[in-house]
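2 protein chains.
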Amino acid sequence: MKDILILKGNILFTKTREKFEIHKNSYIVSVDGRIEGIYAALPEKYENYPVTDYGDRMIIPGFSDLHLHAAQYLQCGMGMTKQLLEWLNDYTFDLEKEFQNEDFAKEVYSRFADDLVAHGTLSSCIFASSSTEGTEVLFEVLKKKGIRALVGKVNMERNAPDFIIESTEKSFEGTRYLIEKYKDEKLVKPIITPRFAPTSTEESLKMLGELAEKYNLPVQSHVDENIDEVKWVSELYPDSKNYLGVYEQYGLLNNTVMAHAIYLNDDEIEIAKKNNVILVHCPDSNINVRSGIMPIRKYLNLGLKIGLGSDIAGGHKIGLNEAIVRAIQLSKLYSMDHPEYPPLSVSEAFYLGTRAGGEFFGKVGSFEEGYYFDALVIEDDELIASRYSLEDRLERFLYIGDDRNIIARYVEGKKL
Amino acid sequence: MKDILILKGNILFTKTREKFEIHKNSYIVSVDGRIEGIYAALPEKYENYPVTDYGDRMIIPGFSDLHLHAAQYLQCGMGMTKQLLEWLNDYTFDLEKEFQNEDFAKEVYSRFADDLVAHGTLSSCIFASSSTEGTEVLFEVLKKKGIRALVGKVNMERNAPDFIIESTEKSFEGTRYLIEKYKDEKLVKPIITPRFAPTSTEESLKMLGELAEKYNLPVQSHVDENIDEVKWVSELYPDSKNYLGVYEQYGLLNNTVMAHAIYLNDDEIEIAKKNNVILVHCPDSNINVRSGIMPIRKYLNLGLKIGLGSDIAGGHKIGLNEAIVRAIQLSKLYSMDHPEYPPLSVSEAFYLGTRAGGEFFGKVGSFEEGYYFDALVIEDDELIASRYSLEDRLERFLYIGDDRNIIARYVEGKKL
Numbered sequence: 001m002k003d004i005l006i007l008k009g010n011i012l013f014t015k016t017r018e019k020f021e022i023h024k025n026s027y028i029v030s031v032d033g034r035i036e037g038i039y040a041a042l043p044e045k046y047e048n049y050p051v052t053d054y055g056d057r058m059i060i061p062g063f064s065d066l067h068l069h070a071a072q073y074l075q076c077g078m079g080m081t082k083q084l085l086e087w088l089n090d091y092t093f094d095l096e097k098e099f100q101n102e103d104f105a106k107e108v109y110s111r112f113a114d115d116l117v118a119h120g121t122l123s124s125c126i127f128a129s130s131s132t133e134g135t136e137v138l139f140e141v142l143k144k145k146g147i148r149a150l151v152g153k154v155n156m157e158r159n160a161p162d163f164i165i166e167s168t169e170k171s172f173e174g175t176r177y178l179i180e181k182y183k184d185e186k187l188v189k190p191i192i193t194p195r196f197a198p199t200s201t202e203e204s205l206k207m208l209g210e211l212a213e214k215y216n217l218p219v220q221s222h223v224d225e226n227i228d229e230v231k232w233v234s235e236l237y238p239d240s241k242n243y244l245g246v247y248e249q250y251g252l253l254n255n256t257v258m259a260h261a262i263y264l265n266d267d268e269i270e271i272a273k274k275n276n277v278i279l280v281h282c283p284d285s286n287i288n289v290r291s292g293i294m295p296i297r298k299y300l301n302l303g304l305k306i307g308l309g310s311d312i313a314g315g316h317k318i319g320l321n322e323a324i325v326r327a328i329q330l331s332k333l334y335s336m337d338h339p340e341y342p343p344l345s346v347s348e349a350f351y352l353g354t355r356a357g358g359e360f361f362g363k364v365g366s367f368e369e370g371y372y373f374d375a376l377v378i379e380d381d382e383l384i385a386s387r388y389s390l391e392d393r394l395e396r397f398l399y400i401g402d403d404r405n406i407i408a409r410y411v412e413g414k415k416l
Numbered sequence: 001m002k003d004i005l006i007l008k009g010n011i012l013f014t015k016t017r018e019k020f021e022i023h024k025n026s027y028i029v030s031v032d033g034r035i036e037g038i039y040a041a042l043p044e045k046y047e048n049y050p051v052t053d054y055g056d057r058m059i060i061p062g063f064s065d066l067h068l069h070a071a072q073y074l075q076c077g078m079g080m081t082k083q084l085l086e087w088l089n090d091y092t093f094d095l096e097k098e099f100q101n102e103d104f105a106k107e108v109y110s111r112f113a114d115d116l117v118a119h120g121t122l123s124s125c126i127f128a129s130s131s132t133e134g135t136e137v138l139f140e141v142l143k144k145k146g147i148r149a150l151v152g153k154v155n156m157e158r159n160a161p162d163f164i165i166e167s168t169e170k171s172f173e174g175t176r177y178l179i180e181k182y183k184d185e186k187l188v189k190p191i192i193t194p195r196f197a198p199t200s201t202e203e204s205l206k207m208l209g210e211l212a213e214k215y216n217l218p219v220q221s222h223v224d225e226n227i228d229e230v231k232w233v234s235e236l237y238p239d240s241k242n243y244l245g246v247y248e249q250y251g252l253l254n255n256t257v258m259a260h261a262i263y264l265n266d267d268e269i270e271i272a273k274k275n276n277v278i279l280v281h282c283p284d285s286n287i288n289v290r291s292g293i294m295p296i297r298k299y300l301n302l303g304l305k306i307g308l309g310s311d312i313a314g315g316h317k318i319g320l321n322e323a324i325v326r327a328i329q330l331s332k333l334y335s336m337d338h339p340e341y342p343p344l345s346v347s348e349a350f351y352l353g354t355r356a357g358g359e360f361f362g363k364v365g366s367f368e369e370g371y372y373f374d375a376l377v378i379e380d381d382e383l384i385a386s387r388y389s390l391e392d393r394l395e396r397f398l399y400i401g402d403d404r405n406i407i408a409r410y411v412e413g414k415k416l
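For the protein sequence lines, the chains are R and C, in the order given. For the first sequence, my numbering assigns the number 1 to the initial residue and increments by one for each residue that follows. For the second sequence, my numbering assigns the number 1 to the initial residue and increments by one for each residue that follows.
Any given hint could be a false lead.
Pairs count within a copy or across copies, as identical chains cannot be separated in the list.
[As the list claims (entries may be wrong)] Computed cross-link-like contacts, DSS-like style, restricted to lysine-lysine with a CA-CA straight-line distance of at most 27 Å: (1) 298 / 332; (2) 82 / 24; (3) 186 / 414; (4) 82 / 298; (5) 181 / 363; (6) 144 / 106.
What the hints contain is simulated information worked out from the structure, not anything from laboratory work.
The task is simple: from the sequences and hints, build the whole structure.
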């Protein structure tokens, strides 16, 4: 007996970056959690199945947030004008330490997960903290929500306060424990998560690379976020040719998302390309922390893979629509100084936040046949709907909408 | 019999740009609509008056939005990647035309006014459209809301589609009619509003300058928003020494807010200073329309007056907290290329959006003695409140809060 779900409404998605696919007032059919097809008139074989009719509302793919720190959720929008080190010490590290307390972890992670769901982020790559127990809580909380997530216990063994770093051995044991426990989960799975090269020892990177290979796991980390950091990495890893090269050297680029990547040099661009690394553009974070603007059009022209991240709490807004908008805005500012790199269009930025990011989770982020049916139903209002095109209405939701406009969420054909 | 209002809570405001004044768990007393004082313990003379106790919530001044277009409200967040002319023609002008229809005007302006109130903008400088009838509707709608606003019928006589421009005579008659009708209003008053120099004739600017003088009215317009526009103005007004000089020449800078002002030259800076013009920084609009980044720190260092504007619908978000945040973000980006101009602090940006902008309306935007008691009550939640300072909590509201966090609004000591 197949599990069939049929929705009716205005269906919008991006198969390619260049334009929206729009099916006005159509049926979308999901069979066993995957898209079977989109129809202007419902085929006869489905006529005995119930149809959920969303009327003039829009049905779009769920968002994929490829970079955020669950353990920083409470500090969103605070200390935003501090210097980076002050921010890390006064806000971030102290807070991350507390996730060793499971009750606290449960309270904060539940709030985090509820808000992810509310804002339509149905797939995400999440940094927890270095606490194994705390990360286990996050796995459990997310499992209950029914959304898709890759969750990493953060590995860090140096260059941070004692109370949040671990010995390489302890870090390894915790990581392996969580992998063993969650590797066969359907939606919420482990991801190898060295915080970033400066807080890892070479021994730890080697161990993580081996774990990634042994269990065939994806990897997430940070790279080339700011110029001082790039210089620091070259000092910490004098034998590596560059920052991204450090991760490659330890076998950490086989199935990888790398946050920020603002300052990739030509060799790193080649490494990223060769390894199909998805670079995660986190526009709000890059302004808040004064990192700079990713040359996103240049990277796209070169064929690099790019997704979007909220980077909670370097970025302050958990709704990925905000990252989509800020990516457009920053690409406009960048284009003013670099007219050879025109700004992102709305369809391009939407594609990055849905289909391009979704790729990291498999067939996610589009409504093409065979894709998982992960969808959001968006409501605006009659006055807007009566006057504007569907493309305008979707743009409006991205720019000024929020969780209140998302009236239903589906993952693999199941309503959350 | 005096009208006395007493609130209790955590009181925050900015008397100066440099820092927040914070009165934890204190009483704020308003007498006949103006601040009488803030007290840690309530003075004996007030002990028989009721106190509204907001507990651990924050009480802050209302926001002042010095530049927005009510007639563009429906198109917020649409056409944002179009070129300026295409945007104006396809979205803005067509829409503005419809405000000749009073029913339509009433529907859209009501929604606009509700959202202004919801987001805590208790004072604003508003462009309506060129329709006298439509602008009259806006006056009436705003009057009912009980907020403070300066409303302008837009004067435009050339360089725009025929269907929204008027003859100088008609433009004059409509403007004078509205002035006569609303000049003695308490909260919602007229402001002289030439759209911008390129759509005005010299005859019209002269007439508007005379009206401003005769009725002692404030003025609002646009200046130096982008480089092509600056060049265009120099061609249209060959006898004026520069763009801001055009307005000065016609007596339009005596009590004036000027939106954007990104590209002021040295002479214009002197003109702005001499005339106490308040320059209105509209950060989201300036990115959306690819205008550039206002050198705000430079202007502040030079002693220029600056307020903030949402610039609906060039800017997409009506909440002025978003303009406060984006102003900080853009000042950070600007500082990366201009390290001599450090970014705005939170208190500085908050000051721009409250006290500096409020100045245009009189004693508005602060809780110093004698200021109008225009206030917002902000609710976050217990977990945040138990862990973070009031300054952090206010910053968090600015960065990630929205209308849902504003649980009460007061104008001149009256709860809306």
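Hints, verified against the model:
Taking identical chains as interchangeable, the C-alpha atoms of residue 298 and residue 332 lie at most 27 Å apart whether they share a chain (13 Å) or sit on different chains (23 Å). When the C-alpha separation of residue 82 and residue 24 is checked against a cutoff of 27 Å, the pair qualifies only between copies, where the shortest distance is 23 Å, while the shortest distance within a copy is 47 Å. With identical chains, the CA atoms of residue 186 and residue 414 are at most 27 Å apart within one copy only, with a shortest distance of 14 Å there and 56 Å across copies. Taking CA atoms no more than 27 Å apart as the test, residue 82 paired with residue 298 passes between copies only; the shortest distance there is 21 Å, against 31 Å inside one copy.
Proximity of residue 181 and residue 363 under a CA criterion of 27 Å is satisfied intra-copy only: 24 Å inside one chain copy versus 63 Å between copies. Within a single copy, residue 144 and residue 106 get their C-alpha atoms as close as 12 Å, which meets the 27 Å cut-off; across copies the closest is 46 Å, which misses it.
Of the numbered hints listed earlier, not one is contradicted by the structure.
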